[in-house]
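Enquirer: The lines below spell out each chain.
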Amino acid sequence: MNSVNFNINFGYLEGLCRGFKGGILKQTDYINLVQCEILEDLKLHLQSTDYGSFLANEPSPLSVSVIDDKLKEKLVIEFQHMRIHSVEPLSTFLDFITYGYMIDNIILLITGTLHQRDIRELIPKCHPLGSFEQMEAIHIANTPAELYNAVLVDTPLAPYFMDCISEQDLDEMNIEIIRNTLYKAYLEDFYKFCSTIGGSTTEVMCEALAFEADRRAFIITINSFGTELTKDDRAKLYPRCGKLHPDGLAKLAQADEYEQVKVVADYYGEYKPLFDGAGTGPGEKTLEDRFFEKEVKIMMSAFMQQFHFGVFYAYLKLKEQECRNIIWISECVAQKHKAKIDSYIPIF
Amino acid sequence: MGSLFRSEKVTLCQLFLQSEAAYNCVSELGEIGLVQFRDLNPDVNAFQRKFVNEVRRCDEMERKLRFLEKEIKKDEIPMLDTGDNPEAPQPREMIDLEATFEKLENEMKEVNANAEALKRNFLELTELKHILRKTQVFFEEAEYYTQAASNGPMTEESVNLLSDEGLTQGGQQALRLGFVAGVILRERIPAFERMLWRACRGNVFLRRAEIEIPLEDPVTGDQVNKSVFIIFFQGEQLKQRVKKICEGFRATLYPCPETQAERREMAIGVMTRIEDLNTVLSQTQDHRHRVLVAAAKNIKVWFNKVRKIKAIYHTLNMFNLDVTQKCLISECWCPVDDLDRIQAALRRGTERSGSSVPSILNRMTTKQEPPTYNKTNKLTGAFQGLIDAYGVATYREVNPAPFAIITFPFLFAIMFGDTGHGIIMFLFGLWMVVKEKSLGASKSDNEIWNTFFGGRYLIMMMGLFSIYTGLIYNDIFSKSMNIFGSSWNADIAYPGDMGNNVEKLMLAKTYRLNPNSTNWSKEPYPFGMDPVRLGAMSQSTFGL
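One line per chain: the protein sequences are A and B, in this order.
Going by my numbering, the first sequence opens with residue 1, and the numbers climb by one from there.
Going by my numbering, the second sequence opens with residue 1001, and the numbers climb by one from there.
Take these hints with a grain of salt, some might be off.
In silico DSSO-like pairs for lysine-lysine, Cα to Cα no more than 30 Å straight-line [said to hold, decoys possible]:
| hint | chain 1 | residue 1 | chain 2 | residue 2 |
| --- | --- | --- | --- | --- |
| 1 | A | Lys70 | B | Lys1243 |
| 2 | B | Lys1070 | A | Lys74 |
| 3 | A | Lys297 | A | Lys338 |
| 4 | B | Lys1435 | B | Lys1297 |
| 5 | A | Lys285 | A | Lys192 |
| 6 | A | Lys338 | B | Lys1050 |
| 7 | B | Lys1297 | A | Lys74 |
| 8 | A | Lys125 | B | Lys1243 |
| 9 | B | Lys1119 | A | Lys70 |
Calculated from the structure, these hints are not laboratory results.
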């Protein structure tokens, strides 16, 4: 697939995606949003943006969860439109993007079932982009093997389950391990798929996925300090498609505390500045926020090239970040606690 | 159309309105539509403006009206649209409107909730009825097989699982098979079957049959296709598992009695209950219909009123509030020739609000370029729109529109050039123009029709001019015509070519006519082009 023939099949969708990207909120919008006193002000301001009257039919008073649902709904409609109108290989690419959400949904449902929640309560909490037919019947499974054999074997996630099948029961700890194992297999598969597409897609997507893999490696390491996760188990959870593979991952597997992780990051030019000055003190950004910032930067640079599929992935990620920003601001406004309202991640 | 030659003279005016009179004055100015307001608060956010609460209340009212409109459309009740222009209601009437809408909305929500509950009940009973009927078939089939089997050798498949023979065959003396019966959406059956088979390791037995008529989903009102299924299993564990899977696929389970006599009793009971529910349901629908019909009479008028209120408050948001003198100040562009009408409107507004202080309209001088305003009527409006599509002229520039009224249809006619089709076009345009009141009143949604109707004068003139050029081109319904007879004669041939030899002339394929000959009628063709060109070899490329 080269740039000459790209527009025959994908030109409309890429144009549409760039149009959507043009509607992402700008810095001036955020400045107006942080000045709101009540949620209705937010609704009034958002009417003048690309969001339009998406809250028009909601009865007042608004709540943050309603805003969250509607934001997600709009994004899902846009994504579904692009997915329905796409042909191979773009349709496989977009399907790959949804597998990540499917994994999140599965883990959410299993966790909820463990806590004796009714399946019907949990279904509305699932992300709509990751829904599949067998999703609602997940609660019949008690062990991972059952989960695989009964439910997941027909879904596209079946090959990722190879490493996860064990006869242990599904409990809290194992669920996180399952989530990370699934995600690792998914990331590596996605990376391989993007490499086969070739062209600018490979360039852009492999960079984005490498960053995602490295980010997960760091976060898993930091979160596993003080838990019962052994170092070997931890090493098995690191996705191998990032820049940290193989040396950085080997070092990370040996790390025992935050400082050692920082030392590993210092070897890599892209990650050193993220760890510098990151912390939980006042005025400092947390490490997660810095990772989000870097992600936004990578996604913005994806739009600099043309004739590749990375724009769809980047658009989805940027829109998600925007949703997170709006929800953060809404929460601060709703609770009238505006001290940290400026901690959103600006996109433009 | 002298005033259409250039755009109108427009001046900047300052408007001082007393706070009580402001609403009514803006309302009157809105009705005459001659004023363009400038936003004096450009830096203020939308939600920090003065009248933002009133705008929010209007938004709420519109939301309620939209909800009512959706319900009315769902029931396909026609909404009365008389096309008359309701006046903007006073601010105190806004509270009455709000109360009315609130009451209607609550009533509709209540009726809808009741109807939904009833429909759900009805759906359950209907599904139960279908189950009883279909499982009858399953059990009967099994009976038939046992009859046939008792005459011949028993095979595995033909054994009735539930009868004692089957159980002794299977070697299980005292264990009975349990079963659950239910209804599921047809689209989910393949995945359901597959999951059942996987989760229960093939130890359950599923029979299904489709329900022929589509059933109505109580929540959305869509017609959905469903199927009846019955699952046989053995043991408590499998039962739990089967139940969980059914829950996961949103299949509804119903208690189905085992013996035929019980089933028949239940079926009769269900039929009577269904009939009762039907009557209650139809009564609920009638009530809902009555409420909606009453609302449908006024809904268009309400929409217009609410929109006017909203527009007035949006305009008032652009004003500057002068706290010391308790008046609102605004700047606006007004056409100089219409200043009297604007003053009259302001007077009417102040009178209606009962305020004693008159509103003041001051002319201001400014270096800014005023907006372009062209006064059009229904004839010139279409042409002005055509010109504006290419670009709006700057202030007081020569307006191409009056020239376009003639040149556009004429250029069209030169390209069209057919008398017959021109007559049809002209008559079509004429019909639209003559009937414009009645055709305009029926507000159609069809975009193509609205385009034609908006350009009815244009079409009429294009048709008229096409008749003229069609006569010049000698073209009618794409056929050539020769009305007056050609001025050329066939014996005007070049000397030396054929002379007057008629036989040679008749046999020749082509010949040239000599324009310099003296043998001609000495009069050119009276109107249009001479039809002799239609016999020429270059005919097809000429005149197109």
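Enquirer: It remains to establish, for every hint, whether it holds in the given structure.
Expert: Against the structure, the hints come out as follows:
no.	hint	in the structure
1	A:Lys70 with B:Lys1243	34 Å, violated
2	B:Lys1070 with A:Lys74	21 Å, holds
3	A:Lys297 with A:Lys338	26 Å, holds
4	B:Lys1435 with B:Lys1297	26 Å, holds
5	A:Lys285 with A:Lys192	34 Å, violated
6	A:Lys338 with B:Lys1050	24 Å, holds
7	B:Lys1297 with A:Lys74	34 Å, violated
8	A:Lys125 with B:Lys1243	23 Å, holds
9	B:Lys1119 with A:Lys70	28 Å, holds
Violated hints for the displayed structure, listed by number in ascending order: 1, 5 and 7.
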